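Asker: Take the sequences, apply the hints, and build the full model.
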Amino acid sequence: MPDPMRIRATIQDGEATVRVLMSHEMETGQRKDAAGNVIPAHFIQSVVAMHNGRPVFRAEWGPAVSKNPYLQFQFGGAKAGDKVQITWVDNKGETRTDEVVIR
Amino acid sequence: MKRIAWWTVAIAAGALLSLVGLRAHAQPRDAVKEIERYREALAEGNPAELWEARGEALWKTTRGPRKVLLEGCDLGKGLGVVKGAYAALPRYFADVDRVMDIETRLVQCMVTLQSFTAAEATRQVFGDGTKRSDLEALVAYVAAESKGVVMDVPMTHLKEREAYALGERIFFFRGGSHDFSCASCHGEPGKRIRLQDLPNLIDPKDAQRAYTSWPAYRVSQGELRTMQWRLFDCFRQQRFPALQFGSDASIALTTFLARNANGGTFNAPAIKR
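First to last, the sequence lines map onto chains C and F. So the number in this note's numbering is just where the residue sits in the first sequence, counting from 1, plus 271. So the number in this note's numbering is just where the residue sits in the second sequence, counting from 1, plus 11.
Each statement offered as a hint is correct.
Okay, derived cross-link-like pairs now, SDA-like style, lysine to any residue, Cα gap no bigger than 20 Å in a straight line:
1) F/216 - F/281
2) F/142 - C/300
3) C/338 - F/229
4) F/142 - C/275
5) F/283 - C/336
6) C/303 - F/231
Quick look at which bits of chain C chain F covers, simulated, 3 or more residues with Cβ under 8 Å:
7) 272-278
8) 289-302
9) 332-341
Keep in mind the hints are simulated off the structure, nothing from the lab. Bear in mind that the values here come from a model prediction, so they are computed numbers and not experimental data. Yeah, the Cβ is synthetic: ideal placement off N, Cα and C, and Gly gets one too.
Answerer: Dropping the structure here:
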């Protein structure tokens with residue numbers, strides 16, 4: 272089970288700001304270990320944020336995103352007390368979903 | 012168009028020139044300021060929070076052969092009290108009759124409360140990129156619970172005073188192949204290595220700023236690093252023999268630095284290059 276994300280969500284003037292810190296190696300697949308073997312790629316490929324059953328944010332990532340990615344985005348149509356679910360899926364098919372309540 | 016007196020033009024030109032002169036002189040200051048601003052921007056989303064979360068889980072989970080919580084541990088502020096504890100360490104602990112820093116105290120609690128052996132508790136003291144360190148996570152958690160607290164390292168017990176005095180001697184002790192001491196780099200104002208400003212650790216202001224920023228997430232290492240790690244790495248850079256984890260020397264040096272930082276507001280875990 273991958274590590275949980277740290278998520279904070281606040282609302283101001285009708286706009287919600289979500290800040291997510293994800294725990295992930297984000298291995299590019301271009302590095303080699305001490306023995307000269309390629310370290311296999313292991314990075315998040317897609318991120319989706321859901322609010323009230325509709326996706327409010329999507330991202331498709333590649334090897335350029337660094338380890339333990341930090342993501343921040345805004346969306347409208349929310350109010351305090353609403354829940355936002357963030358899901359990521361990586362290239363190995365591992366996935367993690369965490370939820371936050373908008374304050 | 013009204014004719015402008017020649018002397019008003021002269022004054023304006025002079026003012027402009029002096030402004031330009033000032034800007035040119037101020038450029039080195041601007042570079043330092045810009046790095047500071049960059050670091051502040053990085054502070055949002057500090058990966059150290061992932062270590063804090065892991066440390067909190069470790070603190071609140073029953074572990075070890077005795078399946079006990081670490082919440083029975085006394086970090087100096089009372090049993091299980093984590094808030095503010097880091098800002099008052101190192102300190103003397105009566106139950107072991109010695110001065111301990113956060114890491115040695117955590118190991119002590121893991122051994123006595125949870126019945127880990129000392130070897131098990133210190134098997135992976137520093138994360139190496141693949142293997143994680145539980146101690147680093149615990150230190151991150153305890154440190155975060157002292158954020159905003161004013162440093163208040165005690166100096167009442169004789170052993171605390173001895174630790175400080177020993178730490179001070181180590182700080183000024185020149186040795187190793189390069190005849191370095193800590194003071195070689197950290198004993199004068201205005202020094203730097205490449206682009207890294209070096210705090211003058213015997214100046215209270217610099218000591219406060221430096222000490223209160225550890226533990227920190229070291230971006231270049233991809234790990235959260237503690238004071239024990241920082242001192243270990245300093246010894247390595249000085250070409251000294253390896254500093255033993257949790258040794259009296261490491262505790263003494265930490266006591267010296269932490270006490271010098273008294274009065275500073277604790278601000279860790281921070282993020283560093």
